[in-house]
Amino acid sequence: MSTQVILPRVMQIGAGASEQVPAVLESLGCSRPLIITDKMMVELGYAGIIQSRLAEHNLSAEVLDDTVPEPTVGSIQAGVERVRSGSYDCIIALGGGSPIDSAKAIGILGKFGGEMRDYKFPRIVNQAGLPIIAIPTTAGTGSEVTRFTIITDETNDEKMLCVGIGFMPIAALVDFNLTLSLPPRITADTGIDALTHAMEAYVSRKASPYSDSQALSAMRLIGPNLRRAYKNGADQEAREAMMLGSTLAGVAFSNASVALVHGMSRPIGAAFHVPHGLSNAMLLPAVTEFSIPAAEERYADCARAMGVAQQSDSTERANQKLLDELHALNDELQVPTPEMFGIDRNEFFDLMPTMAEQALQSGSPGNNPKVPTAEEIVQLYEKLW
Numbered sequence: 057m058s059t060q061v062i063l064p065r066v067m068q069i070g071a072g073a074s075e076q077v078p079a080v081l082e083s084l085g086c087s088r089p090l091i092i093t094d095k096m097m098v099e100l101g102y103a104g105i106i107q108s109r110l111a112e113h114n115l116s117a118e119v120l121d122d123t124v125p126e127p128t129v130g131s132i133q134a135g136v137e138r139v140r141s142g143s144y145d146c147i148i149a150l151g152g153g154s155p156i157d158s159a160k161a162i163g164i165l166g167k168f169g170g171e172m173r174d175y176k177f178p179r180i181v182n183q184a185g186l187p188i189i190a191i192p193t194t195a196g197t198g199s200e201v202t203r204f205t206i207i208t209d210e211t212n213d214e215k216m217l218c219v220g221i222g223f224m225p226i227a228a229l230v231d232f233n234l235t236l237s238l239p240p241r242i243t244a245d246t247g248i249d250a251l252t253h254a255m256e257a258y259v260s261r262k263a264s265p266y267s268d269s270q271a272l273s274a275m276r277l278i279g280p281n282l283r284r285a286y287k288n289g290a291d292q293e294a295r296e297a298m299m300l301g302s303t304l305a306g307v308a309f310s311n312a313s314v315a316l317v318h319g320m321s322r323p324i325g326a327a328f329h330v331p332h333g334l335s336n337a338m339l340l341p342a343v344t345e346f347s348i349p350a351a352e353e354r355y356a357d358c359a360r361a362m363g364v365a366q367q368s369d370s371t372e373r374a375n376q377k378l379l380d381e382l383h384a385l386n387d388e389l390q391v392p393t394p395e396m397f398g399i400d401r402n403e404f405f406d407l408m409p410t411m412a413e414q415a416l417q418s419g420s421p422g423n424n425p426k427v428p429t430a431e432e433i434v435q436l437y438e439k440l441w
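The numbering of the sequence shown is the numbering used here, which starts it at 57 and goes up by one.
What the hints contain is simulated information worked out from the structure, not anything from laboratory work. All C-beta atoms, glycine included, are put in the ideal place defined by N, C-alpha and C. Misleading hints may appear alongside valid ones.
[To be verified] Using C-beta positions, here's what the derived DEER-type ranges look like:
(1) K287 <-> L84: 35 to 43 Å
(2) A184 <-> G398: 15 to 23 Å
(3) R65 <-> D387: 22 to 30 Å
(4) K287 <-> E75: 23 to 31 Å
(5) T371 <-> Y266: 22 to 30 Å
(6) R88 <-> S370: 55 to 63 Å
[Claimed, not checked] Below, in silico cross-link-like pairs of lysine-lysine (DSS-like), each with a Cα-Cα straight-line distance of 27 Å or less:
(7) K439 <-> K426
(8) K377 <-> K262
(9) K426 <-> K377
(10) K262 <-> K95
(11) K439 <-> K377
(12) K287 <-> K167
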């Protein structure tokens with residue numbers, strides 16, 4: 057049985073990769089880019105640096121910095137209108153997962169029109185929107201190499217998963233130097249997000265030898281370096297490992313899909329405005345414990361790849377070490393419980409049946425080694441308290 061692998065046409069990886077944007081634009085035949093980013097990237101000067109690099113090659117780029125964390129239908133509207141009224145031939149998506157996800161949606165809606173809901177899963181969007189050159193500034197989402205975007209419909213707090221080749225960036229410039237200024241909280245949340253991507257891709261029912269190789273490599277990079285990057289943001293070796301690990305994890309889950317953690321995470325984020333990586337982190341230990349009996353060898357492989365279990369450890373011992381490590385990570389990286397985050401217990405419990413149905417509708421739980429019922433998802437939500 058063959059496996060279809062979808063990647064950006066161009067990938068530039070390593071220190072200074074973002075400086076290659078003029079050459080990449082030239083190779084793609086693009087000359088009128090719109091930079092889509094957020095206000096923090098403008099304040100830090102990253103957007104200006106890109107503009108300066110382009111100016112050195114007689115290229116200019118306007119900046120749209122209206123994207124927000126956890127993008128919504130409303131938050132991307134200005135970008136859609138800008139693209140429809142402009143003469144841009146590509147988008148430079150600069151930032152974390154939210155600006156890149158926003159740019160993906162804007163690239164499709166700006167070209168084809170309609171509403172975001174028209175493009176949500178189970179529709180597969182294979183039409184090519186405006187070409188996107190993704191420059192990630194966090195080591196977490198892997199959005200620069202995935203065929204997914206997630207946009208929240210604020211009318212019903214649904215996080216809509218949108219899937220297809222049309223959402224794959226045409227180029228990805230992966231420069232770990234851009235992560236050196238990340239604060240510890242974002243480093244932790246995005247790092248656990250990347251670890252979750254790698255683990256879920258490896259245990260997914262859609263895993264393949266290709267995605268396995270990327271997922272295991274990602275875990276080998278992330279496992280020993282997440283704490284280092286969290287404790288010392290200037291640790292370039294750890295930052296480089298985390299950035300590459302994040303991208304490899306993105307390649308893995310883009311080609312194998314995510315599973316139950318992500319299915320359950322999106323409704324929490326939509327209803328309670330919890331950052332995506334943080335809600336993944338809240339869920340990862342409980343969902344892993346639930347899933348291990350259906351994929352014991354696979355989860356043991358994860359423990360060994362992360363460096364928390366020895367090759368000589370039994371499967372059972374390796375899996376116990378994996379669970380211990382996931383709990384320890386959350387403790388050391390100060391991942392809050394929903395209660396500590398400030399979520400009202402009664403509101404959370406009242407919404408659990410709805411969140412369980414939304415999780416199942418996303419399709420992600422169907423990729424899990426142990427496919428849960430709605431009742432089992434509710435029980436897992438309860439365990440977060």
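Tested hints:
1. K287 <-> L84: 35 to 43 Å: Given range 35 to 43 Å: holds, Cβ gap about 39 Å.
2. A184 <-> G398: 15 to 23 Å: violated, 42 Å
3. R65 <-> D387: 22 to 30 Å: For R65 and D387 the Cβ distance comes to about 42 Å; the hint is violated.
4. K287 <-> E75: 23 to 31 Å: holds, 28 Å
5. T371 <-> Y266: 22 to 30 Å: For T371 and Y266 the Cβ distance comes to about 24 Å; the hint holds.
6. R88 <-> S370: 55 to 63 Å: Holds: the Cβ-Cβ distance is about 59 Å, inside 55 to 63 Å.
7. K439 <-> K426: holds, 17 Å
8. K377 <-> K262: Distance ~25 Å between K377 and K262 Cα, so the pair holds.
9. K426 <-> K377: Answer holds: K426 to K377 is near 20 Å, not above 27 Å.
10. K262 <-> K95: violated, 37 Å
11. K439 <-> K377: Satisfied, since the Cα-Cα distance of roughly 20 Å is no more than 27 Å.
12. K287 <-> K167: violated, 43 Å
Hint check: violations occur at hints 2, 3, 10, 12; the rest are consistent with the structure.
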